[in-house]
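4 protein chains.
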Amino acid sequence: MTEQHLDVAKLQRRLAEFAAARNWQPFHTPKNLVAALSVEASELVEIFQWLTPEESARVMEDPETAHRVTDEVADVLAYLLQLCEVLGVDPLAALNAKIDRNEHRFPAP
Amino acid sequence: MTEQHLDVAKLQRRLAEFAAARNWQPFHTPKNLVAALSVEASELVEIFQWLTPEESARVMEDPETAHRVTDEVADVLAYLLQLCEVLGVDPLAALNAKIDRNEHRFPAP
Amino acid sequence: MTEQHLDVAKLQRRLAEFAAARNWQPFHTPKNLVAALSVEASELVEIFQWLTPEESARVMEDPETAHRVTDEVADVLAYLLQLCEVLGVDPLAALNAKIDRNEHRFPAP
Amino acid sequence: MTEQHLDVAKLQRRLAEFAAARNWQPFHTPKNLVAALSVEASELVEIFQWLTPEESARVMEDPETAHRVTDEVADVLAYLLQLCEVLGVDPLAALNAKIDRNEHRFPAP
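Chains as they are written, first to last, in the numbering used here: chain A, 15 to 123; chain B, 15 to 123; chain C, 15 to 123; chain D, 15 to 123.
Hint data in this document are derived by calculation from the structure and do not stem from the laboratory.
It does not matter which identical chain is used: a pair holds within one copy or between any two.
List time: in silico EDC-like cross-link candidates among lysine to aspartate or glutamate, alpha-carbon distance up to 20 Å: (1) Lys24 <-> Asp85; (2) Lys112 <-> Glu78; (3) Lys112 <-> Glu31; (4) Lys24 <-> Asp114; (5) Lys112 <-> Glu99; (6) Lys24 <-> Asp104; (7) Lys112 <-> Glu57; (8) Lys112 <-> Asp89.
This is chain A alone, in the form it adopts within the complex (with noise of 0.2 Å):
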């Protein structure tokens, strides 16, 4: 799969293809989506949570952490579109829409 051609659709046909490959559809309810979702979002977090602002401005100079940052937000992404598939939720849409109501809510000075 050549990195060009990534998209939203695709990797939520892939998520979709490798959890029922596994049968892990009946754990998929929305409500174990979003908890995971949360965990996921708070291993993120593990990682900053005894840093400065400024050290956590230079995370990504560490391989090693770099590595773990990546892939935390990789298994945040993933449920998040996972979730988005069960809901019938199309991220994107949802994404634009909020901030053009927030360019009403928060007018720029």
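Given chain A, put chains B, C and D in place with the hints provided.
Quick look at chains B, C and D alone, frame taken from chain A:
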């Protein structure tokens, strides 16, 4: 903005311009962004916390709850994309590589 | 109720009577209580998410924020004690034993 | 230390001495402690994330899982008490006051 042209890079640009126009970049350290990401993930959990698995599967049938879920999905994605932007992480490539690794870690039966 | 007699067991009884009077016990599965606990912990994080370390140390100087922090601390403790009640865990003994173990894991210099 | 004398104040002293002996106080800003609290709460969620409500109610029957749950309860309480210490919040009084308020907000039927 027509939705058929939405992609992750375009949303990241909108988010970066939105933050820059409000001078929010100093707040957007990786440490703060992961905290905000985990808070938004928990706001999704809050919607589901007292539901049975069966109720959680029908959550989009109520228009008000469906809107709330979609809104929180947008918030999670917003902070995930802003985090990736400040860290220089490509979230789709990260997820694709993670699925590759998981296919080795969890072979399909 | 005078506060000098407050202890964990008394608060657990108040919480159990409160839930029973409202027929909330069916919702209080361990799975739901840990979700609620994590949501309340995130509401604490939300108060601090954009603060510098220095600002976070002065958070109790503002009466309104101090009240909000105290309120969220109460919510975290409420769900932790209710979880311990349904699981039959003694939280103070658990922590005491954990400190004992940590004294071996992390010897003081 | 005999457990019949355990109370919150004694555990807070043990935790403060433990942190002081290792020079960990500079890391224990309120902002960092709430992050650590939320991470430990999520480690509890992780134990339950794929369980049905019924399985979650039987989680203490397996000794290894029971130990893991008890250990994470201890971690959540440890960070909550350390947070209260640095903020000057009395957690038991905070919870007692919160139950008082909730009795007005949610009158029993």
